[in-house]
Structures are given as structure tokens and as C-alpha cells.
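Q: Since the structure of chain A is provided, determine the placement of chain B on it from the hints.
So the protein sequences, as listed, match chains A and B.
Take any residue in the first sequence, count from 1 to its spot, add 6: that is its number in my numbering.
Take any residue in the second sequence, count from 1 to its spot, add 6: that is its number in my numbering.
There's no promise every hint is true.
For chains that are exact copies, the list does not tell them apart, and a pair is met inside one copy or across any two.
As the list claims (entries may be wrong) - Restricting the straight-line Cα-Cα distance to at most 35 angstroms, the calculated cross-link-like pairs of lysine-lysine (DSBU-like) are: (1) K129 with K148; (2) K105 with K33; (3) K80 with K33; (4) K148 with K135; (5) K33 with K138; (6) K135 with K105; (7) K105 with K138; (8) K105 with K80; (9) K137 with K80; (10) K129 with K33.
Because the hints were derived from the structure by calculation, they are not lab data.
Quick caveat, the model's predicted, so the values are computed rather than measured.
The primary structure of each chain is shown beneath.
There are 2 protein chains.
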Amino acid sequence: MGFVLDERLASSSFFIEDWPLCRVALKSDRTWPWLYLVPRRDNIREICELSVLDQVDFIREVAMAQQALQILYKPEKINTAALGNMVPQLHVHVFARYKDDRAWPQPVWAVQAAETPYTDQEKQAEIQKLKKCFEGLRRGDKAACHQ
Amino acid sequence: MGFVLDERLASSSFFIEDWPLCRVALKSDRTWPWLYLVPRRDNIREICELSVLDQVDFIREVAMAQQALQILYKPEKINTAALGNMVPQLHVHVFARYKDDRAWPQPVWAVQAAETPYTDQEKQAEIQKLKKCFEGLRRGDKAACHQ
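So that you can see chain A by itself, here it is in the shape it has in the complex:
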């Protein structure tokens, strides 16, 4: 059977694109620029359950997601976390943090607050910006992220 994204991940995010290993999605909360990376493999819960080749793709894709967030959103810090206590399908959160964000310097999970949805227009703009930056980074062209 083909890869099926967990319903809770799908319903809380917008599809951006598929990479060699991961599905990449934007979390539907504009509080933080926040990506989900989900390896398109069945029945994997932990990074150590990926094959060695997939582990290499995984870290390269996490690094590319971090790089795009750094260039596009100029955060103070990137936070990267694979938790999965509620959604067992292996997924990693890669998101941007700022000194003036509502949880800083705590982990975002230390502060409970409502999510802020993107408008349709904002959502489309973010997705296009990210896709263009990813496409540039694949060619080694960081400048593409700024165009």
C-alpha cells in the first residue's frame, strides 16, 4: 500500500511537497513558521527503525528544512523534535523560534495557547515561498530564497 499521512498530521497542516524520503507540510498555525517532515514509509515509529540509507536521507532533509527556515524567517533558533506520543507515525517538527515569541526560551509545549490560523492568502504565499526556497537549495542556490 502507498504512503498514507496520519489523519491528525494531515488535518493540522498544508501539503507543500514530497522529497525523496519525506512528505513536507506547513503546520496550520502562523504563530511559528513550522514544518512537518514525515518519512514516506509504512509502520515506522522511531528514527532507528528507518534503514541506514533512509536515516541519511532523513538527516539531510531535516538539514534542508532548517536551512530554508533560517534563510526565509531569520529565527533566533530552530527547534527540531520527533516526539510521536500521540501520533505514532514517525514525524519530525522543524520550526522557527524568536526571542519575542510567546514561549521563549521555554519549549513551545510549556505554554498552552490557541493556534492562529493562516488566511488562505497567507497560506498560499508561505507555501510558494517555501517551495521556491527548497527548489533553490536543491540547486545550491540560497539566493533563490530571497527572490
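A: Coordinates of chain B only, in the frame set by chain A:
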């Protein structure tokens, strides 16, 4: 200058051993079996700042830490997180979660509570158990973790 572990990481953990890339330490809180992996490189804050070769070592070492925790502590889930909002030196938390732990299924950071120190005897026992398991996994011998 040689690698120097950040003081806040050093003071909240016990040294276990150095791997090809990372220093491995046990967090000094017996609430959860909790490892720190800290790449022994200067001035690195994000995974994407590691060289590609170091990124590969990094993910292989994260996977080995996960595997040891799975075998030794039989958790419900491993949580893996590189946050670094307070300590900029790149470090990843790899720790074991249980359905009856005090934060489940929330991220541990959603629940604030005092840490529980190991006794000296417990600390030595955990460190020896982990070192033996790591040594076995390096040889591909998972059974060594149970001896």
C-alpha cells in the same frame, strides 16, 4: 581548542562516553531514562551547520542511542529533540517515555515538576548498563544489552 561541554549540560548530566561524533551523557534525573548527545564540534548551533559527514554520524548515533533505550528500558516511545533555546551548543535529547509517566502523552515540557536525582549507586549502575549495551550494539550484538 578542544571540545568543551557547555556548563549547563555538564552540570545537569553524567558523562558516559565519547562516540566518534558525540559526547554521550545521562541526564541526572531518574524520572525518565534520558540521554544527551552533544556533537564534539565548536560553535555549532543547528544540525544543518554540521558537515554532511558529521550529519551522517549524528543520525547514526541518535539511532544507536534510541536503540539502546528501547532495548534496556522498553519504553512506549522515544522522544528526540534538539531545542537549544537556552543552551546554544548543539545537543539532542533522546529519552524514554511511558504511558504511566507524569506527562504522557504530552511533551515532557508541558508538565513542570521537580527532578528526581539518582543515588550514586543507581547512577553507576545506569552508566555501566548503558556502556555495556552501547559496546554490544557497536558489535551488532543486541543480546549484550541484557547481560
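Q: Confirm or reject each hint.
A: Evaluation of the provided hints:
{"no.": "1", "hint": "K129 with K148", "in the structure": "within (22 angstroms within a copy, 47 angstroms between copies)"}
{"no.": "2", "hint": "K105 with K33", "in the structure": "both (20 angstroms within a copy, 26 angstroms between copies)"}
{"no.": "3", "hint": "K80 with K33", "in the structure": "both (18 angstroms within a copy, 31 angstroms between copies)"}
{"no.": "4", "hint": "K148 with K135", "in the structure": "within (13 angstroms within a copy, 46 angstroms between copies)"}
{"no.": "5", "hint": "K33 with K138", "in the structure": "within (18 angstroms within a copy, 41 angstroms between copies)"}
{"no.": "6", "hint": "K135 with K105", "in the structure": "within (23 angstroms within a copy, 40 angstroms between copies)"}
{"no.": "7", "hint": "K105 with K138", "in the structure": "within (27 angstroms within a copy, 41 angstroms between copies)"}
{"no.": "8", "hint": "K105 with K80", "in the structure": "within (11 angstroms within a copy, 37 angstroms between copies)"}
{"no.": "9", "hint": "K137 with K80", "in the structure": "within (17 angstroms within a copy, 40 angstroms between copies)"}
{"no.": "10", "hint": "K129 with K33", "in the structure": "within (10 angstroms within a copy, 40 angstroms between copies)"}
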